[in-house]
Amino acid sequence: MSEITVDPVTPATDAIFSCRNLAIEFGHGAHRRRILQDVNFDVHQGEFLALLGTSGVGKTTLLRILGGLLAPSEGTQIHFDGAPIDGPPRGVIMVFQDYASSLLTWRTVGRNVALGIENSLSKAEVAQRTREVLDMVGLGDRIDDYPAQLSGGMQQRLQLARALAMRPRVLLMDEPFGALDAMTKANLQDELLRIQRRTGTTVVFITHDIEEAVYVSSRVIVLSGSPGRILLERDVDLPSPRNQVTTKEHPEYLRLRHEIYDAVSDHVNS
Amino acid sequence: MTTQAQRARPLGPRLLAKINLPGVTFLIVLFAVWEAADRAGLIDLMFLPRPSEILSAGATLIAQNAFLPTVGHTVSVTLTGWAIASCSGLMIGFALGMSRRVWVYSMSTIELFRALPSVVLLPIAVLVFGFSVQMELVLVIVSAQWPVMVSAVDGVRLVPQGLRDTATTLRLGRLETARKIILPAALPKVLVGLRLSLALSLILTVAAEMPRRCSVTRRAWATRWSRPRKRCRPTRCSSTSSPSGCSACCSTPPSSSSPG
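In the order they appear, the protein sequences are chains A and X.
For the first sequence, position 72 (counting from the first letter as 1) is numbered 72 according to our numbering, and the numbering increases by one without interruption.
To get our numbering, take the position in the second sequence, counting from 1, and add 1000.
No lab work stands behind these hints: they were computed from the structure.
From the three backbone atoms N, C-alpha and C, an ideal C-beta is built for every residue, glycine too.
One thing to keep in mind: the hints can contain errors.
[As the list claims (entries may be wrong)] Each pair of labels, with its calculated beta carbon distance range: (1) X:M1091 x A:G138: 39 to 49 Å; (2) A:G138 x X:A1115: 52 to 62 Å; (3) X:R1174 x A:Q149: 24 to 34 Å; (4) A:D135 x X:I1019: 22 to 32 Å; (5) A:W106 x X:L1015: 21 to 31 Å; (6) A:N119 x X:P1188: 21 to 31 Å; (7) A:A182 x X:R1179: 36 to 46 Å; (8) A:G152 x X:P1188: 34 to 44 Å.
Okay, chain X solo, but in the shape it has when bound (with noise of 0.2 Å):
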């Protein structure tokens, strides 16, 4: 009866049932005490600014155009990566939890890729792929899919033996099985393998992005890796008289497929 009277209503309201308002509430409270005890001079965090000039300069930034672009861009990295890491790493748990012969073989070898921090391989996938939208996707799918193959694996491999007896007692083929008992059992396993990946994935995304987007570093990767066939080089750019003409050509090199 409850679900019917939950399914009339729209779905704003729904929404807005959903909200957390002590948790939300408790939040904005603490933004205020911390802005309160800064005016006040309670509290002196020297590098840190206050609440207030945070939102005002992300006002700016919106309002110059410079901020959703950036936004949009982590986002659609952060999210393909994901999506492509979370694939891969679905169908190599699932092999590696179904079939014993394949396990025992690679087990060690994923054990030993999966400890390798994975921002150690930035500078690898620079050097192989530049700053470009494929570096930064391939550092999130090749560190994203450990979460996901890991929690596959472990899904499949602790289904209850009941349920595999139960498999076999009724007849089930060997497809029929995976699809009706082991996968879903698993499910569970593999969702928090897949939360987990979607924030490892923001991380990497923002990682990768650091040296190209912060204009000092970049031009120092850049000078020392660019190559001569692209036709905007840091070097000629430092030539040129006005400093903004120059960052404007470097963020958008006519080989880049980068948005932003």
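Same shape as in the complex, but just chain A (with noise of 0.2 Å):
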């Protein structure tokens, strides 16, 4: 739980992503407003970080400008491998929080896998990722099926899967679990930790939920005010893999969970 601090200047040269100066703002003239400001932070190889923060404050915009999405103010210095962003930068994939309108509805769940390799790969190794990845977030047995015919909880496995098939360095993902029941919630945060154990991908995760952010990262960077700036930055330092049970009971976890409760309601309260 050391805290860290970022040199607000200079690009930190062993970062996938770094960020300084951030700010970015929407709309025009007399209804310009900031949404974002002074927000330095960087992104580190194989760490699992939490973007938390309630509605409104600029989590998703942060996100979608870190995937390419978006361009933000001048003055942002915003970098991908030591190279400012333009564009989406390649093995970054962001995983929607709407999977229902991010899924292809026409193609069938192997097809969708296949969206982003089918142009750069051969026939049999588009099949051959797309079994394998369906295998590892437990739709191997789907591959014929349409996403009309999956739940929820299947569709945002399936957008996983479709991500995963680019053999992403980055995974950016927008509250993915946000509108899934409490249960399902539970057994997709325990896969995508076991996904990304297995796989070495580096996930940066945004969510409004203490909670989930405290039990899937290794680092998690608070957000709040308006416009949007960084009010806390905190290492979780516990034990891996996770547990549902006994990773909540953890001091660690409660006295995380307490603290950046505290931060949160103080901020908004002030």
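Hints given; two lone chains; assemble the complex.
Now the structure itself:
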């Protein structure tokens, strides 16, 4: 739980992502509003970073900037692998909260997974990769079904499989389990952690759920205020693999949960 | 399992199974009631013949070989016009839907011309092309492409942002995004437009054929607009003794490619 301070000017060299003076505004004229300001952080290789904040604080905006879907304001220095970001960086895949509108309803499960790789890989490779990632998320027997035949949780697994098929270095996940019921959510958290351990993928994970953030991540960054800034940054030093029961009884888990809870409510109330 | 069983059955019974029996029965009963009511004197539709009279008149026309060629002409003009209108409507519609700039510059023009009632184009088309298949086709194409075009524009513009984001994050190219995401996602709306424009094509074909097929109007229009270079002119026709010879002559002018 060491306090991590980032130099606000020079980008870190060992970081996958490095953000300095990140700011963004929306709207025109009198309606122009600053959403994020002075956001400085790095994303390191192999870590599981949770971005936590109330809705409307700019979490999704921040993730879309990292994913190259949005351009930040001038003066922002944002680098991926040492190079400035313009457009979606290679090896960075986003997983969206709204799985229903991100899946191609006219394609089968298998062909949805193939979407990102079918142009660059041979047919046999695509088939082999598709099978591998579907097995990984537990959808191996649903390859010929259509998304409409899957439950919400399965559709989100499918979106995850489609991202994994690209063999990403970084997964940017925007409240991926926000629309799911508690039990499905717990299952998917554990599966995501298992997959992350197995593949070594770096994950940036957005959530508004403090417990989820502490449970899944190796580091939590809390965003707050308007415009949104980084309020708090904590390493999560909990034994791995995590367990829905024992981890959540761990003193460190309880302490972090308490600390973050206090910080967020103090900031909201002040 | 059910799909396999369906596949195993021959085509005939499968088509039969698709017929909406209650709906067809209702229609037949409706005609029977009409016929019975007319015969019993319960209703008196002065200008509307009984279903049985319509049927026998239809049978006579078919026997005289006068019905099917005409229907064939109407159907072929409708389908040709619809096909051409669909192609141009889709191409223009997709271009408008995908490029914001094209849309901004051309939408006012399109809305203006789209608001014109299609039938007012008929006199202009007749002036330019005369009573010809070209005239009928032009009228059908110009009018029937609007529903396709507008539905294609809407279909493309209303593709969910989630799908567009997916295409971006999976690094699909512009063409690949259009082919694999935008077009399939827009397809349901496009199909509605295609259906609407097929119905419109038929209406306009019939409207365009009316002045030509109806001999009185045909002669009136032809007298006014026929060009001197045409060998067979109504004035010359009217001087011939046999009226049947006249109509045969006028309905198949040598310069026309119309099959009927």
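Hints, verified against the model:
Distance hint check for M1091 of chain X and G138 of chain A: the Cβ-Cβ separation is about 44 Å, which falls inside the suggested range of 39 to 49 Å. At roughly 55 Å, the beta carbons of G138 of chain A and A1115 of chain X sit within the given window of 52 to 62 Å. Remark: the range hint 24 to 34 Å for R1174 of chain X to Q149 of chain A is upheld by a beta-carbon distance near 31 Å. For the pair D135 of chain A and I1019 of chain X, the supplied restraint of 22 to 32 Å is violated, since their beta-carbon distance comes to about 46 Å.
For the pair W106 of chain A and L1015 of chain X, the supplied restraint of 21 to 31 Å holds, since their beta-carbon distance comes to about 26 Å. The hinted window of 21 to 31 Å between N119 of chain A and P1188 of chain X holds, with their beta carbons roughly 26 Å apart. Take A182 of chain A and R1179 of chain X: their Cβ atoms lie about 40 Å apart, and the range 36 to 46 Å holds. A C-beta distance of roughly 23 Å is found between G152 of chain A and P1188 of chain X, which places it outside the suggested range of 34 to 44 Å.
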